[in-house]
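Protein sequence lines, in the order shown, are assigned to chains A and B. Under my numbering, the final residue of the first sequence carries the number 413; numbering is consecutive throughout. Under my numbering, the final residue of the second sequence carries the number 242; numbering is consecutive throughout.
Hints in this document: simulated from the structure, not taken from any laboratory. Each residue gets a CB set at the ideal place from its N, CA and C atoms; glycine is no exception. Errors might be hidden in some of the hints.
If you anchor each label on the Cβ, the simulated ranges turn out as follows [claimed, not checked]:
| # | chain 1 | residue 1 | chain 2 | residue 2 | range |
| --- | --- | --- | --- | --- | --- |
| 1 | A | Leu17 | B | His209 | 36 to 46 Å |
| 2 | B | Ser57 | A | Ala310 | 29 to 39 Å |
| 3 | B | Ser90 | A | Leu17 | 29 to 39 Å |
| 4 | B | Ser150 | A | Pro404 | 28 to 38 Å |
From chain A, some residues computed to sit far from chain B (all C-beta separations above 12 Å) [stated by the list, open to error]:
| # | residue |
| --- | --- |
| 5 | Glu8 |
| 6 | Pro91 |
| 7 | Tyr208 |
| 8 | Thr286 |
| 9 | Leu392 |
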Amino acid sequence: MLRYAASELVFRSGRSLVTAVSIALAVLAAMVLTSLASSYARALRVPIETVGADVIVQQQGDIPPKLEGLVFPHPNALIPAGIVAQIKAIPGVIALTRAVYMWDLEPDRYESVLGIADSEVGLGALGRRLIDGKPIAAGDRAVLLDSDFAGKNKAKVGGRIKVGVDEFPVAGIVDAARSGKLVRADVYMPLKLAQGLASAAPQVRALYPFGADDANLVLVKVNREHLQGVVEKITALIGKKSVVSSELSMRDALSGVLFLSQSMGLIIAAVIGLFAAAFVWRATATSVAERRREMAILQAIGWSWRHIRAQVLIENLALAVIGTAAGFALALVIVLALGQVSVTVDLPWDLSATPHFIPTAAINRTQIITAPLSISWLTAGIATAGSLAIGLLAVLAVLALPRPQPWSLLRAE
Amino acid sequence: MSDTAMLAKSAPASGAASAQEIIRVERVKKRYGDVEILKGVDLAVGAGQFTAIMGKSGSGKSTLLGIIAGLEKPDEGDVVVMGQKLAGMSDNDMATLRRRSIGVVFQGFSLIPSLTALDNVMLPTFFATETSAAERRQRGVDLLHQVGLSERLHYHPATLSGGEQQRVAIARALMNSPSVILADEPTGNLDQETGASVLELLLDLGRTHGTGLLMVTHDPDVAAKAGNVVEMKDGRISHGHA
Chain A
1 MLRYAASELV
11 FRSGRSLVTA
21 VSIALAVLAA
31 MVLTSLASSY
41 ARALRVPIET
51 VGADVIVQQQ
61 GDIPPKLEGL
71 VFPHPNALIP
81 AGIVAQIKAI
91 PGVIALTRAV
101 YMWDLEPDRY
111 ESVLGIADSE
121 VGLGALGRRL
131 IDGKPIAAGD
141 RAVLLDSDFA
151 GKNKAKVGGR
161 IKVGVDEFPV
171 AGIVDAARSG
181 KLVRADVYMP
191 LKLAQGLASA
201 APQVRALYPF
211 GADDANLVLV
221 KVNREHLQGV
231 VEKITALIGK
241 KSVVSSELSM
251 RDALSGVLFL
261 SQSMGLIIAA
271 VIGLFAAAFV
281 WRATATSVAE
291 RRREMAILQA
301 IGWSWRHIRA
311 QVLIENLALA
321 VIGTAAGFAL
331 ALVIVLALGQ
341 VSVTVDLPWD
351 LSATPHFIPT
361 AAINRTQIIT
371 APLSISWLTA
381 GIATAGSLAI
391 GLLAVLAVLA
401 LPRPQPWSLL
411 RAE
Chain B
1 MSDTAMLAKS
11 APASGAASAQ
21 EIIRVERVKK
31 RYGDVEILKG
41 VDLAVGAGQF
51 TAIMGKSGSG
61 KSTLLGIIAG
71 LEKPDEGDVV
81 VMGQKLAGMS
91 DNDMATLRRR
101 SIGVVFQGFS
111 LIPSLTALDN
121 VMLPTFFATE
131 TSAAERRQRG
141 VDLLHQVGLS
151 ERLHYHPATL
161 SGGEQQRVAI
171 ARALMNSPSV
181 ILADEPTGNL
191 DQETGASVLE
201 LLLDLGRTHG
211 TGLLMVTHDP
221 DVAAKAGNVV
231 EMKDGRISHG
241 HA
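Let's have the full structure, built from the sequences with the hints guiding it.
Here is the structure:
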């Protein structure tokens, strides 16, 4: 039967080509579109992953009466401890890291200060990026400096640095830029220390009743399946001044690009798959119609209808396999040729280590993010099953039509 | 020679007729729409016999052959082939019976265009399990040799003449060593000379392989070679040894 199938496919090369190409195009579309979609989705997660959280929670605030000493940046208003506790209780929230983000604006200098809790994305992350000195613990009264900042200010481990009106020993230098997953700042300190400084800072107190347990930045780790629900609940909790950033914010910012949606990629692939199925059905129907006499001959020489159906099925499955393989090969070539996707986005959150009103600051919140393209084997499996189903269904649909009366096609009279 | 005289002639072409009955048709009726093609036909064919069915166009002879082959269902009556009643047989059982006991040769060229002559001959044995692929291939080669086509084993039908295609069809009909070959005007599309040669081949091989032959034909010269001749008229057997 395989020999017969091979001969038949070669003999009806036009039909074979139409069928195989239709299936190949459907597989190609499914593979490339979903690959693009998943890569765009990955690219959109890159910026937020650099911060080490799934959701960044901030609140828009007011400009302090005087821009001096420790101030909260405009997007980092008070987030009371009570609100933080409610966020922590939202279903889908895995972990939460509180932080206090401040600018220290002095006549001769400015620096960004981050007080952060002891967590994977907090002091723990800082410890892993230490290039000199020793890590700091939650109860320490010491700071870590970013290596760029330390270099510019000629600060060294063992020295002291002024934050607001207080001085702190420098315990270590960190390379915060290395491998991301950390909010960038010039000076890092334990959360408690920063909370104390903030609650005592006049320009903070002028705007907010900042308590010793409050924060102005919350980094939330979320079960990704609940991401949308968590974001909606946090937004509702904080109100209209909330700035709740996640990969969803990135998607919203780029909603005009269809490829960014994985589901849209799948829908387009499914539509192409339907067209392919229609082509394959048509080609199979034409082929079977052309071969009605041939099928009658086969019946006359002792083939059962089951044998004939199996023969047509083998032929179509062979075309499905050839088409799928060709689609895979083309998809692989295209994915390798494209290499990666690249998206230019405006970051929806504001965690600038440099105050925007500093004349020399060159703040660029636009970021070009890239993600490698890769074939999803799940999609490959679905595409294979889909193309085999297309071949199978076409045969079954055609052979389910009323059987020809063999003798009417063969008789001499 | 008159038709009646010709029908009366009953020289066995395949040697002495066997007493064993391989086909029995009883009171078979068939209607297409308002037209009753077969109006109660009875026929018996013995093993190894050459029986010719004659009659004008529309007399029902091809329909009768199709019913005997199990490729057409009668409205009434019974058909028994090799002791098996066709009525009520499943498609699979019917296919098995045809594959093992019946060879068919048609008027129109009936080869599969995508297959070579040898593959066409081997087609009825694609599902055989009792013989090896090499044995089946050897038998196909032998049969094509017997029909004079040793040099055309790997030719496709489109590259063979009409006579050569019918020879391939005859070799295919003999592939499974059937008990009977059913032939529907096998020389009808061939010129006289080629037709005669194909007919001789069919008869020779029938004798050689001990295969019965039930042939529908218009040609009195062909019928003259038959051991039994039946004539059909208006859906009934009007003359002959049935």
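So is tyrosine 208 of chain A really clear of chain B, every C-beta pair being over 12 Å apart?
About 84 Å separates tyrosine 208 of chain A from the closest Cβ of chain B, which puts it past 12 Å; holds.
Can we trust that threonine 286 of chain A is non-interface, i.e. its beta-carbon lies farther than 12 Å from all of chain B?
Fine: 15 Å to the nearest Cβ keeps threonine 286 of chain A off the interface.
Go ahead and decide if the range 28 to 38 Å is satisfied by the Cβ distance of serine 150 of chain B to proline 404 of chain A.
holds, 35 Å
Consistency of the no-contact label for proline 91 of chain A, given chain B and a CB cut of 12 Å
holds, 59 Å
Given as non-interface: glutamate 8 of chain A, partner chain B, CB spacing beyond 12 Å:
violated, 5 Å
In this structure, is the beta-carbon distance linking serine 57 of chain B and alanine 310 of chain A contained in 29 to 39 Å?
For serine 57 of chain B and alanine 310 of chain A the Cβ distance comes to about 37 Å; the hint holds.
That 36 to 46 Å hint for leucine 17 of chain A and histidine 209 of chain B (C-beta), does it hold up?
holds, 43 Å
Minimum Cβ separation between leucine 392 of chain A and chain B greater than 12 Å?
Holds, since 21 Å exceeds 12 Å.
Please test the hint of 29 to 39 Å on the beta carbon pair from serine 90 of chain B and leucine 17 of chain A.
Holds - the Cβ-Cβ distance for serine 90 of chain B and leucine 17 of chain A, about 38 Å, lies within 29 to 39 Å.
Hint 5 from the earlier list is the only one contradicted by this structure; the remaining hints agree with it.
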